[in-house]
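Chains Z and U supply the protein sequences, listed in that same order.
If you count by this note's numbering, then the first sequence holds residues 1 to 188, one letter each, in order.
If you count by this note's numbering, then the second sequence holds residues 1 to 280, one letter each, in order.
No lab work stands behind these hints: they were computed from the structure.
Treat the numbers as computed from the prediction; the structure is a model and nothing was measured.
C-beta: ideal position from N, C-alpha, C; glycine also.
Certain hints may be false.
Claimed, not checked - Straight-line Cα separation of at most 30 Å, DSS-like style, residue types lysine-lysine; simulated pairs:
#	chain 1	residue 1	chain 2	residue 2
1	Z	K70	U	K15
2	U	K99	U	K59
3	U	K122	Z	K70
4	U	K99	U	K15
Said to hold, decoys possible - Partial list, computed: chain U residues near chain Z (C-beta under 10 Å):
#	residue
5	V43
6	G104
7	A162
8	P185
9	E213
10	N216
11	M218
12	E220
13	Y221
14	E225
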Amino acid sequence: MAETIRITTPFKKEDSIKLKAGDSVLITGEIYSARDAAHKAMTEALARGEKLPIDWHNQIVYYLGPTPAKPGDPIGSCGPTTSGRMDAYTPTMLDQGIQGMIGKGSRTKEVVEAMKKHGVTYFAAVGGAAALIAKSVKKYEVIAYPELGPEALAKLTVEDFPAIVVIDSEGNSLYETNQAKYRTLEGY
Amino acid sequence: MREIDVNTITENVAKMCMEAAYYLPEDVYRGLKKGRETETSPVGQVVLDQIIKNAEIAKNEDRPICQDTGMTIVFLKLGQEVHITGGDLYEAVNAGIAKGYTEGYLRKSVVAEPLFNRVNTKNNTPGVIYTEIVPGDKLDITIAPKGFGSENKSGVKMLVPADGVEGVKKAVMEIMLHASMNPCPPVVVGVGIGGTMDRAAYMSKKALTRSIEERNPMPEYAKLEEELLELINKTGIGPQLGGNTTALAVNIEWGPTHIAGLPVAVTICCHAMRHSHRVL
């Protein structure tokens, strides 16, 4: 593994385009969580010509619906959800200025094309490492759609949040290269 | 007739929901450790280290292993000499789920209706409850919360008898290759062979309640479990970011089927293969 790269938010395009698929990163600053229901609400708001609850320029979205926080904790367990479910909304959201996405799993061609157009980086956090990831979250604050419960749009203050660049701004995919590297399967 | 009060059932189910969410079963933990020893991909090793450390934090601090604390699958084996008193059995189980998910700070992930409204029930009920009536005077409860990152990648194939063993392997591999890194590998693969479409699906779920260290008692199926595991671990999918630890085990359950059919169902379970078992 190569050396870990430290990233602080706001996450600018000039920072994003330097990252390469396979890079390990630690993210510090503010990131925003949203998943299926919040994405649906935001794209519907845009279709109606309304303003979004936050300005997404130079921001990182984290596909997350956490467990409730225990008393005294900022957040409960908070690992990534499957990014693919957000793919239908993602090109529209990237047009809003999102510069980085954190989730898990594959993305569609349309998303990768939109990423290349805007110089966006897609990071993976380890799926199911939710109690471990919670250690890097210092604050959780609901910004919009509180009625969605764990699916609300929220601001997370994070310190050394561990992630890996899986698709870089040029469309290179660690999933594709690394799976091919370790594949010995024949005939299926 | 032995009497079991509904309150006893509710209290036990509540505790079991929390235990299942916090404590990874020992066999799965050992499977992850074993996978870490043999994993050759450096990034795969990093992922496995995080997953193992995560399970330890969850256990030591009573925290959910994963934020997707799942839809609650409940397997009940009800002795026919048991008399449930004080109320309705399924209401008691669901009250236990509601209590466990609320008091245990687990995520409520169930919507009441799937297509038009999708309103969260806010207490994770109803569970998916399967009941078997068996001899005896005990109530055997298994709680198996199921996350949907992996559930969404599960599937059924309706094969014909001529497809045979090779057809079964192809069907399982097709589902696994399509699932790829999405269901949070290393996964445990439950396979149901035979029955009807729905029976095969049920068996594939039930297969996941067996220890991953225990093979099917019938040698032919035990061999098929081993062969499928080897194939799946050659896909390169690995622990999410490429490698050779794609699955920890393949558990097959089989059942009688029709002369014209060979249903095969695959339930993929993420590395957080959670369950809790008690006999009342």
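>> Min Cβ distance, P185(U) to chain Z: is it shorter than 10 Å?
In response: This hint holds: P185(U) lies near chain Z, its Cβ roughly 8 Å from the closest one there, short of 10 Å.
>> A closest beta-carbon separation below 10 Å is what the hint needs, so does A162(U) meet it against chain Z?
In response: Given a least distance of 19 Å, the restraint on A162(U) is violated.
>> Let's test the interface hint: is any C-beta of chain Z closer than 10 Å to that of E220(U)?
In response: violated (21 Å)
> Is K122(U) close enough to K70(Z), meaning Cα to Cα at most 30 Å?
Replying inline: holds (17 Å)
> When you check the alpha-carbon spacing of K99(U) and K15(U), does it fall within 30 Å?
Replying inline: The hint holds at about 9 Å.
> Given E213(U) was flagged as interface, is its beta-carbon under 10 Å from a beta-carbon of chain Z?
Replying inline: With a minimum Cβ separation of about 20 Å from chain Z (threshold 10 Å), the hint on E213(U) is violated.
> Is it true that the CA of K99(U) sits at most 30 Å from the CA of K59(U)?
Replying inline: OK: K99(U) and K59(U) at ~20 Å, within 30 Å.
> Regarding the hint that E225(U) lies at the interface with chain Z, is the smallest CB-CB distance below 10 Å?
Replying inline: With Cβ-Cβ at 17 Å, over 10 Å, it is violated.
> Against chain Z, is Y221(U) within 10 Å by beta-carbon distance?
Replying inline: Cβ of Y221(U) sits 20 Å from chain Z, so the hint is violated.
>> Quick check on N216(U) please, does its C-beta sit within 10 Å of some C-beta on chain Z?
In response: With a closest approach of 22 Å, the N216(U) hint is violated.
>> Quick check on V43(U) please, does its C-beta sit within 10 Å of some C-beta on chain Z?
In response: holds (6 Å)
> CA of K70(Z) to CA of K15(U), is that 30 Å or under?
Replying inline: OK: K70(Z) and K15(U) at ~17 Å, within 30 Å.
When each numbered hint is compared with the structure, violations occur for hints 7, 9, 10, 11, 12, 13 and 14.
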